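Given the coordinates of chain A, work out where chain B should sit on it, guided by the hints.
For reference, the chains in residue letters:
There are 2 protein chains.
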Amino acid sequence: MSTWKYDKTVEKWGVFEAEMPGKSEGNPFTDYTVRGTFKSKNETKTVDGFYDGNGTYRIRFMPSFEEAYTFCIKGSFSEETFEGSFTATAPSENNHGPVRVSHRYHLAYEDGKPYYSIGTTCYVWELQKEELQKKTLETLAESAFNKIRFCIFPKHYDYNLGEPISYPYEGTPMDSSVLTTENFMDYVGCPEGNNFDYKRFNVKHFQHIDKCIEKLMDMGIQADLIVMHAYDRWGFSEMSAECDDLYWKYLIARTSAFRNVWWSLANEYDLLTKKTTEDWERYASIICEKDVYGHLRSIHNCKPFYDYSRPWVTHCSIQRQDLYKSAELVNEWRERYKKPVILDEIAYEGNIQHGWGNISGKEMTRRFWEAYLRGGYPGHGETYLNKENILWWSHGGELHGESPERFLFLKRFMEETPAPGLRPMEGQWDEVAATVDEFPSRHKYYMFYYSFMRPSFREYYFDDETEYEVEVIDTWNMTVENRGKFKGKFKIELPGREYMAVRIRGEE
Amino acid sequence: MSTWKYDKTVEKWGVFEAEMPGKSEGNPFTDYTVRGTFKSKNETKTVDGFYDGNGTYRIRFMPSFEEAYTFCIKGSFSEETFEGSFTATAPSENNHGPVRVSHRYHLAYEDGKPYYSIGTTCYVWELQKEELQKKTLETLAESAFNKIRFCIFPKHYDYNLGEPISYPYEGTPMDSSVLTTENFMDYVGCPEGNNFDYKRFNVKHFQHIDKCIEKLMDMGIQADLIVMHAYDRWGFSEMSAECDDLYWKYLIARTSAFRNVWWSLANEYDLLTKKTTEDWERYASIICEKDVYGHLRSIHNCKPFYDYSRPWVTHCSIQRQDLYKSAELVNEWRERYKKPVILDEIAYEGNIQHGWGNISGKEMTRRFWEAYLRGGYPGHGETYLNKENILWWSHGGELHGESPERFLFLKRFMEETPAPGLRPMEGQWDEVAATVDEFPSRHKYYMFYYSFMRPSFREYYFDDETEYEVEVIDTWNMTVENRGKFKGKFKIELPGREYMAVRIRGEE
Numbered sequence: 000m001s002t003w004k005y006d007k008t009v010e011k012w013g014v015f016e017a018e019m020p021g022k023s024e025g026n027p028f029t030d031y032t033v034r035g036t037f038k039s040k041n042e043t044k045t046v047d048g049f050y051d052g053n054g055t056y057r058i059r060f061m062p063s064f065e066e067a068y069t070f071c072i073k074g075s076f077s078e079e080t081f082e083g084s085f086t087a088t089a090p091s092e093n094n095h096g097p098v099r100v101s102h103r104y105h106l107a108y109e110d111g112k113p114y115y116s117i118g119t120t121c122y123v124w125e126l127q128k129e130e131l132q133k134k135t136l137e138t139l140a141e142s143a144f145n146k147i148r149f150c151i152f153p154k155h156y157d158y159n160l161g162e163p164i165s166y167p168y169e170g171t172p173m174d175s176s177v178l179t180t181e182n183f184m185d186y187v188g189c190p191e192g193n194n195f196d197y198k199r200f201n202v203k204h205f206q207h208i209d210k211c212i213e214k215l216m217d218m219g220i221q222a223d224l225i226v227m228h229a230y231d232r233w234g235f236s237e238m239s240a241e242c243d244d245l246y247w248k249y250l251i252a253r254t255s256a257f258r259n260v261w262w263s264l265a266n267e268y269d270l271l272t273k274k275t276t277e278d279w280e281r282y283a284s285i286i287c288e289k290d291v292y293g294h295l296r297s298i299h300n301c302k303p304f305y306d307y308s309r310p311w312v313t314h315c316s317i318q319r320q321d322l323y324k325s326a327e328l329v330n331e332w333r334e335r336y337k338k339p340v341i342l343d344e345i346a347y348e349g350n351i352q353h354g355w356g357n358i359s360g361k362e363m364t365r366r367f368w369e370a371y372l373r374g375g376y377p378g379h380g381e382t383y384l385n386k387e388n389i390l391w392w393s394h395g396g397e398l399h400g401e402s403p404e405r406f407l408f409l410k411r412f413m414e415e416t417p418a419p420g421l422r423p424m425e426g427q428w429d430e431v432a433a434t435v436d437e438f439p440s441r442h443k444y445y446m447f448y449y450s451f452m453r454p455s456f457r458e459y460y461f462d463d464e465t466e467y468e469v470e471v472i473d474t475w476n477m478t479v480e481n482r483g484k485f486k487g488k489f490k491i492e493l494p495g496r497e498y499m500a501v502r503i504r505g506e507e
Numbered sequence: 000m001s002t003w004k005y006d007k008t009v010e011k012w013g014v015f016e017a018e019m020p021g022k023s024e025g026n027p028f029t030d031y032t033v034r035g036t037f038k039s040k041n042e043t044k045t046v047d048g049f050y051d052g053n054g055t056y057r058i059r060f061m062p063s064f065e066e067a068y069t070f071c072i073k074g075s076f077s078e079e080t081f082e083g084s085f086t087a088t089a090p091s092e093n094n095h096g097p098v099r100v101s102h103r104y105h106l107a108y109e110d111g112k113p114y115y116s117i118g119t120t121c122y123v124w125e126l127q128k129e130e131l132q133k134k135t136l137e138t139l140a141e142s143a144f145n146k147i148r149f150c151i152f153p154k155h156y157d158y159n160l161g162e163p164i165s166y167p168y169e170g171t172p173m174d175s176s177v178l179t180t181e182n183f184m185d186y187v188g189c190p191e192g193n194n195f196d197y198k199r200f201n202v203k204h205f206q207h208i209d210k211c212i213e214k215l216m217d218m219g220i221q222a223d224l225i226v227m228h229a230y231d232r233w234g235f236s237e238m239s240a241e242c243d244d245l246y247w248k249y250l251i252a253r254t255s256a257f258r259n260v261w262w263s264l265a266n267e268y269d270l271l272t273k274k275t276t277e278d279w280e281r282y283a284s285i286i287c288e289k290d291v292y293g294h295l296r297s298i299h300n301c302k303p304f305y306d307y308s309r310p311w312v313t314h315c316s317i318q319r320q321d322l323y324k325s326a327e328l329v330n331e332w333r334e335r336y337k338k339p340v341i342l343d344e345i346a347y348e349g350n351i352q353h354g355w356g357n358i359s360g361k362e363m364t365r366r367f368w369e370a371y372l373r374g375g376y377p378g379h380g381e382t383y384l385n386k387e388n389i390l391w392w393s394h395g396g397e398l399h400g401e402s403p404e405r406f407l408f409l410k411r412f413m414e415e416t417p418a419p420g421l422r423p424m425e426g427q428w429d430e431v432a433a434t435v436d437e438f439p440s441r442h443k444y445y446m447f448y449y450s451f452m453r454p455s456f457r458e459y460y461f462d463d464e465t466e467y468e469v470e471v472i473d474t475w476n477m478t479v480e481n482r483g484k485f486k487g488k489f490k491i492e493l494p495g496r497e498y499m500a501v502r503i504r505g506e507e
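Residue numbers (numbering that gives the first Met the number 0), protein chains in the order written: chain A, 0 to 507; chain B, 0 to 507.
No wet-lab data here; the hints were simulated from the structure.
Hints should not be assumed to be uniformly reliable.
A pair counts as met if it fits within one copy or between any two copies, since identical chains are not told apart.
[Stated by the list, open to error] No farther apart than 25 Å at their CA atoms in a straight line, the calculated lysine to aspartate or glutamate pairs in the DMTMM-like style are these:
#1 K488 - E181
#2 K486 - E397
#3 K486 - E181
#4 K361 - D429
#5 K324 - D473
#6 K4 - D110
#7 K488 - D157
#8 K324 - E497
#9 K112 - E387
#10 K302 - E430
For clarity, every value in this text was computed on a predicted model and none was experimentally measured.
Chain A extracted, bound-state conformation:
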C-alpha cells in the first residue's frame, strides 16, 4: 500500500488527477479496472479511472466543495491501494462550476451565475491540423459563443472526405483516396478496408480531446460532446453493444471531471439506423451511473425528436423540423417538455448547396432574437463555400458570416436580463413579447421583438403608476436609442424597418 499526499492546488470544480503505474499486457482497456472514492465533509463520490497507454492508469475527480478531500484508489492491475488527500481551494474568477438547469427553462452555473447559452457547431474542429485548431480557438475567443458542439469520432460527409488527425481506435482506416463528392454516400457505415480494434482505444486521440475540452474550459466555453453520430465510414457507428458501452464508460471516465462537459448522446440519433431506443436508453443509464457530477444530457434529432420528456434528458437539443419556422416554435416546445429549449440547429448561415446550410445572416440573427424572447437558447453554424474548403460548421477556422457580430450585441441584452431569463408572455398577436421568467414576476421588465414586421409605431400599457424607460433596439444595425421615460399608456415611434426590438424597464 502506498499513500499519496497530493500537493498541487485543485480548485473547486477543477480537475484532480492521479496517475498510477499498472499493467500493459493483454488489453488494458478491457482486462483491468480502476476505481477511486473521494471523500470530504460534504460529499463522497466513487469514480472510474482509465488506461492512458504506456502502462499508465489515471483517475480524475472534480471536487464540488472548498474543503479537504481524502481518496482511495484501487486498480485490478495491482495489489496496491493508492490513498491520499488534497484540499480544494476557492474557484478562480472565471470558474463558476458546471452548468445546471435553473428555474425549469433556464440554465445557470453551479455558483448561481446565470448562463445564457449562445452555441455554435464545429463538428470536428479538434481533428483538423493544429494551425486550424488554433485559429478556431482564436475565433471563439473573440466571439459571443459560450458553447460548442463537436464530435469525439471523425466525420465522413460532403466536404469531409479527408483523414482526421487521429482515430479513436487502434487500427487503420479504409483508403480515402477512392472518395469523391459523387460516391461518398456509398461508403457509409463500415465499408471494407477498415481494420480497427473497437476494444483498443487510441489514447493519443483521447488525450488530445481532453486538452481541447480543457482549453475550452479555460475560455469559459461549454463542450457539448457529440458522443455518437452516423456520418461515418469507419464502423464507429455500427459497433456492438459491448464496444459501445466500453466507449461510453471510457469517455465518461476520461472527461466527466471537466466542469464544462455536456453529453449529447448523438447528433441526429435517428440516422443511426442500427441503434434502437433501448440502446439510447442504455447509454443514458451508463451516463447517469458513471457521470457522478450530473452534467447536462440530451440527444439531437435529424427529423423526429427524441422523447425529451424522459427523466434523464435535462434539456431539449433541437434541430428545427420545418423549413420556415424554427425559433418561432420555442413556446410550444417549452410547454410540451417543460425543460430548457436549446436550438442546436436552426440552419446554417452560408451558401452551400445543401438546404440546411444556406440562410442569410439576417435570417440567422432573426431566429436568434425569436428564440431569446421566447425563452429558448439559440445555436449557430456557418457553411460558406471557400477555396480552402474550410467550413466553420465542421472544421472551425474563421467566420465569414454577418450574424456572429450580432450575437455579441444580443449577448449584452441576454446578460442584462434579470435571472433566470425571459419567458414569452401574452402580447399582440403579431409580436413576440417577453418578460422575466418568474411567477409572480418581481420585475417590471419587458421586451418586444418585431421580427420581419415593420410597424411605424406601437402603443404600450402596463399600469398607471410605474415610470418606464424605453429603448428602441435595431437588432441588425446594432443600435440602441433611449427614448426616455413614460407612464400609463404611451406610444413609441419606430423606424418602420425590419428586426426592431423594444426594451421597456420599470423602476423597481
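Below, chain B without anything else, positioned relative to chain A:
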C-alpha cells in the same frame, strides 16, 4: 303589350340592358318585381331586374352565345309585357368571358384562355373622391393586377373614419366628427345617430358601383365584390335577414350581368358575429339561384376558414392564419379542399402599426413566388403611412411599395406557364419544385424556387434523353440568365443570393 327591337350591338359576354318605365309610389324596391326571360338557340335564362330610381326599372342580361336572342320582360308595376330581340356578336379582343374554375385547381376565362390571378385589395377605392378613383384606375392599368377586392358597403376602421362619397341606403349617417383613432372601436355595428332605411337603396351608390365594375371589366380586371363585412358604423352589418336578402337580390340583379364579377360573401365573415352559418348558407343559395351565370363564389376568413369544401364554394379565398407561414401552406390547402387556392390576404406590404400591415416588399414578393410554384394564386395589399393618409389597402391611389413591379416580372412567367398552371411536385426537401398541373404531364416543364435559401449550386436530373434549357431567375432583381442546354444529370451554378428561381424546359 309593347314590342322592342333592341338594335344596339351586344357582344357575347357583354351586357344587354333594357329600361322600363314603372311606378315610383310606395317602396319600389320591395313593392314591385320585374323578371325577364332571354332565349337563344343555346340558352334560356330568366333573370331579375331592379328599380333604378325616378320610376325607372332596368333588367340586365349577359349572352353566352353568338346568336340571335329574344326576350320577354314582365314587371309587377305594369300590365305591359316588354318583348324584343337582339343579336349577340363576336366578343371584342379583350373579352374572354367570365372566369371559371379550370382543371380543379386553376382558372380560365370561358373562351379557354388561362387566367393567372394576381389580385390586390383596395377595400373602398370606389367610395373615395373622384380624383382618387381616377388615380387608382391609372395605377391598376400600369400594374400586373387582374383582380381587385372591394366592398359594396363603406368601411369604418382605423384610417377609415371619414365619410364615403355615398351610402348604399337612403338616410343619414351618425356624426363622424366624434370619431378619433382612440375611440372608433366604440362605434362599431349600429351606434345611435344613424337613420338609414335598409329597405330603400340609394340608387346613385349602386349606379356608381356598376360603372366602376364596368371600367374594371374594360381593363380586364376581375371585380371581386365583398358583399358583407364587419368594419361598419352604420348598421349595414347588423341588418335583419329580410333586409340582407333584399340587398343580396338587388346587388345580384344589378351586377351579375357583368362578366368580371366574383362574389366574396364577406371579408372576414367570422367577425360578423350576428351572422350564423345558416345565414351564410342562405346568402349562398340566393346567389346560386339568382346569379344565372355562375360567377365565382367564395368567402374570406379572419381567423377560422369557412368550410371551403361546401359545394357552392368555387375556390378558397384565404387569409393566412399564421404570422410566419402563408403561401408555404398552399400545397396543404389544395389537398384539403381540391379547389383553386387564392391567397386574398398574405399580409400587406407597408409600415403601419398593425401586425397585418407591415411586411417588406421582399417578403411579399417571396410569398407570391411561393404561392405560384405551389399551384396557388397570390394576392397583394399595401399599407404605407403617408401624410395624406391614403393607403392603397383601403383607398387606392398610388403604390409606394417595392413588390408591385416584381409582379409584372412574375406575371410574365405565369403567362408562359403551359395551361392549366403549375402544381407542386416532389423535390428536394428544402426547395419548392413545380411542374405543369396535368396527370400525366405532357410537358417537360419544371420550376424551382429557393425562397430565402441561398444555394451556390444545384444538381438536377430528369431523364437521359431530353435536352433541357435552363434559365436562372433572380425574382427580386428581375433578371433572367439563360444557361444553355443540358442533358442527363447536370449541375447549375447559382449566385448564393436569396430569392432565386430556376426554370427548366425540355424539348417537347
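Hints versus structure:
In this assembly of identical chains, K488 and E181 lie within 25 Å of each other by CA distance solely across copies; the values are 12 Å between and 62 Å within a copy. Taking CA atoms no more than 25 Å apart as the test, K486 paired with E397 passes in neither setting, with 47 Å inside one copy and 38 Å between copies. For the homomeric pair K486 and E181, the shortest alpha-carbon distance between copies (18 Å) is at most 25 Å, but the shortest distance inside one copy (64 Å) is not. Taking identical chains as interchangeable, the C-alpha atoms of K361 and D429 lie at most 25 Å apart whether they share a chain (19 Å) or sit on different chains (19 Å).
In the homo-oligomer, the alpha carbons of K324 and D473 lie at most 25 Å apart both inside one protomer (22 Å) and across protomers (24 Å), since each shortest distance falls under that limit. Proximity of K4 to D110 under the C-alpha cut-off of 25 Å is found in neither arrangement, the shortest distances being 28 Å within a copy and 98 Å between copies. In this homomeric assembly, K488 and D157 come within 25 Å of each other (Cα to Cα) only across copies, at 18 Å, whereas the closest approach inside a single copy is 56 Å. For the homomeric pair K324 and E497, the shortest alpha-carbon distances inside one copy (17 Å) and between copies (17 Å) are both at most 25 Å.
When the C-alpha separation of K112 and E387 is checked against a cutoff of 25 Å, the pair qualifies neither within a copy, at 40 Å, nor between copies, at 53 Å. For the homomeric pair K302 and E430, the shortest alpha-carbon distance between copies (17 Å) is at most 25 Å, but the shortest distance inside one copy (28 Å) is not.
Of the numbered hints given earlier, the model fails hints 2, 6, 9; all others are met.
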